[in-house]
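Note that the protein sequences, when read in sequence, are chains D and U.
Going letter by letter, the first sequence gives residues 81 to 520 in the numbering used here.
Going letter by letter, the second sequence gives residues 306 to 896 in the numbering used here.
There could be a bad hint or two in this list.
Lysine-lysine pairs mimicking DSBU-like chemistry, simulated, CA-CA at most 30 Å apart [claimed, not checked]:
#	chain 1	residue 1	chain 2	residue 2
1	U	Lys586	U	Lys474
2	D	Lys223	D	Lys275
3	D	Lys203	D	Lys97
4	D	Lys442	D	Lys466
5	D	Lys275	D	Lys323
6	U	Lys474	U	Lys584
7	D	Lys97	U	Lys586
8	D	Lys514	D	Lys447
9	D	Lys516	D	Lys442
10	U	Lys839	D	Lys223
11	D	Lys203	D	Lys275
12	U	Lys584	D	Lys203
13	D	Lys223	U	Lys584
14	D	Lys223	D	Lys323
15	D	Lys203	U	Lys474
Covered stretches of chain D, as calculated for chain U (at least 3 residues, CB under 8 Å) [stated by the list, open to error]:
#	stretch
16	167-173
17	190-204
18	446-452
In case anyone wonders, no lab produced these hints; they're calculated from the structure.
Don't be surprised by glycine CBs; every beta carbon is placed ideally from N, CA and C.
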Amino acid sequence: MSTVDTAAPVPIIEARKLEKFYQHPDGGRIQVIAPIDLGVFPGQILALLGPSGCGKSTLLRMLTGLSPASGGLVYWQGQAVNGDFPNVSIVFQSFALFPWLTVIENVEAPLEARGVAPMERHKRALRILDAVGLDGFESAYPKELSGGMKQRVGVARALVVEPEVLFMDEPFSALDVLTAETLRGELLELWLGHKIPTRAMFIVTHNIEEAVVLADRIIVLGRNPAHIHADFDVAIPHPRDRKSPEFVDLVDSIYRVLTHPGHKDDTAPTRTQVPGGAPKSKVVTLPHTRPGGMAALLEILADRGGRVELHGLSEDLGLDLESLLPTIETATLLGLLRVEEGEAIITHAGRAFAGADIQTRKTIFRKAALDNVPLLRQMEQALRAKSNRTLSEEFFRDLLDEHFSEEESRRQLETAIQWGRYAEIFDYEAESGKLKLTEI
Amino acid sequence: MPAPAPSAVHTTPVPPAAKRPAGSRWTWAFLIDIAVFLSVCAAVFGIYAIGRTWLGPVHPEAHISQNPRDLPLYALYSLVRIGIAYALSLTFALAYGYLAASSRRAEMLMIPLLDILQSIPVLSFLPGVMLAMVAIFPHNQLGIELGSILLIFTGQVWNIAFSFYSSLKTVPRDLHEAAVIYRFSRWQRFGELDLPFATIGLVWNSMVSVAGGWFFLMACEMFVLGNRDFRLPGLGSFLQTAASHGDSRAILWGVAAMIAVVVLLDQFVWRPIIQWADKFKFEQVESSATAQPTLLHLIGRASLLIQLYRRFFLPLINWLTLQFTLGAKRAAETFAAPKQRHLRRWIAYPLLAGVLVGLVLAVYYGAQELSDLRREDYVDLFRSAALTFLRVNSALLLSALWTVPVGVAIGFSPRLARIAQPFAQIAASVPATALFPIILLFFLRLRGGMEFAAMLLMLLGTQWYVLFNVIAGAMAIPTDLKEAAQVFRFSSWDRWRFLILPGIFPYLVTGLVTASGGAWNASIIAEYFHFQGKIVSTPGLGSAISSASDAGRFDMLLASTLVMATIVVLINRLVWRRLYRLASSRFKLES
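The whole structure should be built from the sequences, with the hints applied where relevant.
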């Protein structure tokens with residue numbers, strides 16, 4: 081239940097027109113995060129949800145001052161902040177514990193940084209360790225602890241400085257399902273029971289259910305460039321039952337939002353106009369999956385009569401959004417299935433793919449790839465135009481560089497090469513970096 | 306494992322994080338390399354110039370005892386020299402590495418400089434440094450002692466500095482972010498993040514560097530220049546004197562003392578440190594291997610020590626850290642203030658200008674010196690260089706020929722490893738230079754004996770490094786590959802060709818690189834030696850360097866040192882770098 085003051089709530093942290101872009105060497109810029117307005121209000125747990133690579137971790141780092149923003153400002157209690165950020169803590173996905181310090185030394189470290197005397201910080205550290213249930217483990221080293229216990233230390237360390245806002249970057253995704261569930265429950269208990277002086281929480285996650293269990297407000301990010309796709313208020317009272325109709329409905333809505341076809345997420349960020357130059361053609365962004373995984377998905381779809389609810393599919397396969405969405409995107413891009421209202425529907429070509437043997441699958445994939453992925457079509461044509469049917473990968477990298485940042489264009493090329501090899505369009509030699517057309 | 310080869314060539318491949326700055330990468334880096342190399346040559350000349358113009362008075366002849374009863378004292382002397390040199394090296398290396406890692410501009414200059422300095426054979430500095438130090442301190446003992454310490458320092462510091470620098474550059478991102486978000490002060494970050502993370506690398510590199518240090522120390526203790534005796538009382542000079550007089554009893558005692566010192570150092574210093582350093586391993590899971598109980602464990606149980614530690618030592622450290630944290634914060638605030646920036650500029654620029662002027666002058670005088678050389682000198686140099694080149698590479702080939710089969714055999718069989726390891730370690734830890742006089746004693750009786758002796762010294766000094774690397778490489782070959790070879794009935798030749806040789810390739814390259822640098826270094830004493838009152842030598846570049854310093858021909862000395870340095874740097878760039886790249890791209894075993 082959101083406990084926002086009804087009288088003119090002032091956000092503790094506010095981002096106005098916060099954006100991130102890379103300046104391209106010849107003029108244009110590549111927008112990674114579009115200008116975003118965001119407010120973190122007191123008494124709320126805010127969840128930032130989105131697929132991997134959409135920029136949510138970058139956004140967290142910009143809000144906490146770890147990474148500089150390219151544009152826009154961050155305000156703390158109404159005052160513009162410039163570099164030195166006030167009292168915030170982060171809980172990291174990989175725990176970020178110092179392996180050579182004991183548990184208590186790890187928790188004391190932020191207090192030491194603030195110049196608190198040894199006796200005092202020892203006392204405070206012990207108190208917070210007790211609150212997270214690690215009493216008795218003070219002298220243990222991180223490598224003696226399980227994942228869940230390590231994250232407890234991470235949470236204790238974050239809370240020992242009594243931050244006003246607690247930031248969490250995918251805090252439970254490195255843990256197994258049961259431990260994550262336990263920790264989520266304990267975190268909620270600390271929050272709801274007002275046992276910690278923290279006034280707001282900001283959790284980045286890719287797990288829809290986790291967001292619905294914990295948050296009072298869920299912001300869904302789209303990508304290319306990152307932007308706020310949707311903003312949900314969660315009014316379900318605690319304790320939240322996963323099987324209750326409101327819960328399931330909300331999860332469904334979020335799934336629908338995330339897989340809504342036709343939204344501009346599929347295309348690469350268009351370059352801002354270079355003065356005097358024509359705008360470049362839109363290049364399709366390839367999701368970073370291996371084509372092999374798609375076959376299983378299509379087989380399951382065909383098995384169930386061709387239509388399946390995405391939510392149910394993810395539960396049955398035990399996969400979360402992170403793993404499922406990219407594969408669905410790939411299949412959609414290739415025209416092997418389509419998504420409507422949160423349901424995956426297999427197409428004619430997809431059915432043929434699911435029922436075929438390996439060789440036929442390759443043929444179908446090849447046709448689908450050449451028809452629907454402009455980059456692969458370009459690559460095939462360029463290779464065919466050469467007499468020796470060979471080109472270096474740098475050639476194609478230069479093409480991609482115009483639309484993506486350096487790192488992303490490298491990854492896009494890698495994915496394209498993987499798909500091209502699978503489709504037997506061309507062959508690739510890693511040492512020399514050369515692509516050679518496969519004659520059919 | 307202590308490795309005996311002197312670290313004259315960098316032993317660590319360039320880690321991916323320590324990239325050159327971007328933007329027309331290789332032309333910029335190349336230019337900097339050239340500039341730095343020239344400056345270093347100029348500096349080398351500087352040292353010689355000082356030595357020459359400051360020729361001091363003649364010193365009394367050094368008296369080295371032959372009585373085994375003096376051995377403990379001599380061992381102590383040697384240990385003290387190594388200890389001081391190491392302490393100096395560590396401090397300087399930490400500062401150098403830290404500066405290079407924290408400032409982009411500094412990094413662009415300091416790392417190429419380090420690269421080249423590592424490649425210059427240390428022993429070629431020996432005459433210059435000794436003369437300079439002795440001139441500064443006319444009193445015999447102090448000058449020479451400082452000279453030897455300085456020389457060992459030169460051999461050790463670059464390896465350690467590079468290790469620290471590359472650790473700093475590869476600190477895990479999330480730990481770094483935690484340190485930033487929790488507002489660690491500079492001191493806290495250094496003490497709780499940078500230094501602990503770098504510890505394991507520092508420990509291993511220190512072991513390698515100290516082993517190299519012994520090599521140089523022994524050479525220093527035996528050093529004679531022309532008719533001037535720069536020898537210092539210590540284990541090296543003891544062995545040399547004993548060999549010189551053919552005193553086999555003293556020789557045996559000397560070698561035994563050498564082995565004893567090495568073993569004691571290993572057991573009481575290195576093993577406990579390695580055990581302690583395990584705490585700094587950046588692993589998220591506890592490794593299953595439990596170590597043997599060592600001295601550290603025994604000491605740990607002595608409760609008096611623990612009490613003292615807890616009651617006095619720890620609170621003191623805590624209090625000091627607190628003071629530092631607050632003080633450093635205050636200091637950083639004032640120093641970073643805008644008006645202080647001008648102060649820094651006023652200090653830095655004149656300093657830089659002074660250094661530049663000095664370098665220009667040195668290059669000018671150096672060129673003048675070199676112009677004294679005649680055509681036949683150049684021909685001589687070329688011939689010497691070719692001879693030593695052949696000798697070094699033959700030594701490397703011979704090393705590889707025996708270490709590869711033996712190393713693979715040991716690496717594949719844990720039982721054999723257990724038996725062979727202590728022997729190999731002891732054999733490896735005895736500095737080859739200490740044994741050289743003994744080798745000469747035997748070989749000089751044969752015809753062409755010096756040739757054999759020279760090659761043997763090179764081998765002895767460097768083959769262990771190749772052996773240990775091959776063993777490590779063989780151990781690293783995954784069992785499933787070996788099983789696949791078995792199941793598919795690979796012939797012996799096939800096994801070697803498809804499994805073993807490719808598998809150990811990266812490790813072999815690492816070993817050969819260090820061995821190569823060590824061999825070039827060793828050539829300076831291996832090809833030219835003062836023995837039993839006469840000079841025994843065989844033509845080569847090392848011999849050219851030593852004979853030039855003996856004869857006081859500084860132009861020849863400068864030229865031959867520069868030639869050796871250039872050859873080593875060139876081979877480094879053209880051959881070893883390429884092999885490293887090949888090794889890491891094609892032959893790396895993990896994905």
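Original post:
Is the Cα-Cα distance between D/Lys275 and D/Lys323 30 Å or less?
Top reply: Roughly 28 Å between the alpha carbons, so the hint for D/Lys275 and D/Lys323 holds.
**OP:** Decide if the proposed pair is consistent with the structure: D/Lys516 and D/Lys442, CA atoms, cutoff 30 Å inclusive.
**Re:** holds (18 Å)
Subject >> Pair hint U/Lys839 and D/Lys223, alpha-carbon separation not exceeding 30 Å >> reply: violated (62 Å)
Subject >> Pair hint U/Lys474 and U/Lys584, alpha-carbon separation not exceeding 30 Å >> reply: Distance of about 21 Å is within 30 Å: holds.
**OP:** Assess, step by step, whether the Cα of D/Lys442 is no farther than 30 Å from the Cα of D/Lys466, and give holds or violated.
**Re:** holds (24 Å)
Subject >> 30 Å limit on alpha-carbon distance, applied to hinted pair U/Lys584 and D/Lys203 >> reply: holds (25 Å)
Original post:
Does U/Lys586 pair with U/Lys474 here, judged by a C-alpha cut-off of 30 Å?
Top reply: holds (17 Å)
**OP:** Could you grab the alpha-carbon distance between D/Lys514 and D/Lys447 and see if it respects the 30 Å cut-off?
**Re:** holds (23 Å)
Original post:
Do at least three Cβ atoms from the stretch 167-173 of chain D come closer than 8 Å to Cβ atoms of chain U?
Top reply: holds (count 5)
Original post:
Has the stretch 190-204 of chain D got at least three residues whose CB is nearer than 8 Å to a CB belonging to chain U?
Top reply: holds (count 7)
**OP:** Given the hint that D/Lys223 pairs with D/Lys323, test it: the Cα-Cα distance must not exceed 30 Å.
**Re:** Violated - the C-alpha atoms of D/Lys323 and D/Lys223 are around 37 Å apart, more than 30 Å.
**OP:** Take the C-alpha atoms of D/Lys223 and U/Lys584, compute the straight-line distance between them, and say whether it is at most 30 Å.
**Re:** holds (10 Å)
Hints 3, 7, 10, 14, 15 and 18 from the earlier list are contradicted by this structure; the remaining hints agree with it.
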